[in-house]
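Student: Sequence:
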Amino acid sequence: MVVMDYIEGLMLCDALERQEVPANFLAHLHQAGAHLHGAGFVLGDLRQPNIIVTPDDEIIVRLIDFDWAGKDGEVPYPITISPDILLPEGVAELMPIEKQHDLSNLACIIDLCRRNK
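Converting from the sequence shown to this note's numbering requires adding 835 to each position, the first position being numbered 1.
By construction, these hints were calculated from the structure, which means they are not laboratory data. You may find that some hints are simply not true.
DMTMM-like, lysine to aspartate or glutamate: derived pairs with alpha carbons at most 25 Å apart [what the hints assert, rightly or not]:
#: 1; residue 1: 906; residue 2: 933
#: 2; residue 1: 952; residue 2: 902
#: 3; residue 1: 952; residue 2: 928
#: 4; residue 1: 906; residue 2: 840
#: 5; residue 1: 952; residue 2: 909
#: 6; residue 1: 934; residue 2: 907
#: 7; residue 1: 934; residue 2: 924
#: 8; residue 1: 952; residue 2: 855
#: 9; residue 1: 934; residue 2: 902
#: 10; residue 1: 952; residue 2: 849
#: 11; residue 1: 934; residue 2: 900
#: 12; residue 1: 906; residue 2: 892
#: 13; residue 1: 906; residue 2: 928
#: 14; residue 1: 934; residue 2: 946
#: 15; residue 1: 952; residue 2: 840
#: 16; residue 1: 934; residue 2: 855
#: 17; residue 1: 934; residue 2: 919
#: 18; residue 1: 952; residue 2: 907
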């Protein structure tokens with residue numbers, strides 16, 4: 836089943852460009868990742884365009900684009916991956932997506948956010 840909804844906010848890349856990233860954004864991003872991974876799932880495509888910064892004070896981060904998502908270590912990367920997508924080292928088409936891959940991407944996003952303050 837596919838469920839879609841409109842989410843008010845900005846993609847992280849746009850929020851960074853406009854300098855509209857709330858001070859508590861990183862804490863909320865960690866919380867979103869921990870919730871996903873705590874349930875045994877991975878996103879696989881954790882990058883700026885797939886993170887929405889919302890104007891909501893309680894839920895600042897929304898993860899989107901779950902077409903690669905699935906159970907940690909079970910769901911594979913797609914057979915074709917755009918060369919424009921920076922993947923963690925060693926990741927290739929049809930490999931199982933692992934929590935560590937999401938965490939590697941998360942670390943890059945955190946570093947980018949800290950450099951853009």
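Student: Indicate, hint by hint, whether the structure satisfies it.
Tutor: Going down the list of hints, with the structure as the test:
For the hint linking residue 906 to residue 933, the alpha-carbon distance of about 8 Å falls within 25 Å, and the restraint holds. In summary, the hint linking residue 952 to residue 902 is not supported, as the alpha carbons are separated by about 31 Å, beyond the 25 Å threshold. For a cut-off of 25 Å, the pair hint linking residue 952 to residue 928 is broken: about 34 Å separates their Cα positions. For the hint pairing residue 906 with residue 840, the CA-to-CA distance comes to about 23 Å; that is within 25 Å, so the pair holds.
Restraint check for residue 952 and residue 909: not satisfied, since their Cα atoms lie roughly 37 Å apart, outside the 25 Å limit. Restraint check: the Cα-Cα separation between residue 934 and residue 907 comes to about 6 Å, which is no more than 25 Å; the hinted pair holds. Note on residue 934 and residue 924: the hinted pairing holds, with a Cα-Cα distance of about 14 Å set against a maximum of 25 Å. For the hint linking residue 952 to residue 855, the alpha-carbon distance of about 10 Å falls within 25 Å, and the restraint holds.
Among the hinted pairs, residue 934 with residue 902 is consistent with the structure: their alpha-carbon atoms are about 16 Å apart, no more than 25 Å. Taken as a hint, the residue 952 and residue 849 pair is honoured in the structure, with Cα atoms around 14 Å apart against an allowance of 25 Å. With a C-alpha separation of about 16 Å, the suggested pairing of residue 934 with residue 900 holds against the 25 Å cut-off. Restraint check for residue 906 and residue 892: not satisfied, since their Cα atoms lie roughly 30 Å apart, outside the 25 Å limit.
Taking the CA atoms of residue 906 and residue 928, the gap is about 17 Å. The hint holds against a cut of 25 Å. Only pairs whose Cα atoms come within 25 Å are accepted, and residue 934 paired with residue 946 is accepted, the gap being roughly 18 Å. For a cut-off of 25 Å, the pair hint linking residue 952 to residue 840 is broken: about 30 Å separates their Cα positions. Of the supplied pair hints, the one linking residue 934 and residue 855 is violated, its CA atoms being roughly 28 Å apart against a limit of 25 Å.
Pair hint residue 934 plus residue 919 holds up; C-alpha atoms about 21 Å apart against a cutoff of 25 Å. For the suggested pair residue 952 and residue 907, the alpha carbons sit about 32 Å apart, so the restraint of at most 25 Å is broken.
Of the numbered hints given earlier, the model fails hints 2, 3, 5, 12, 15, 16, 18; all others are met.
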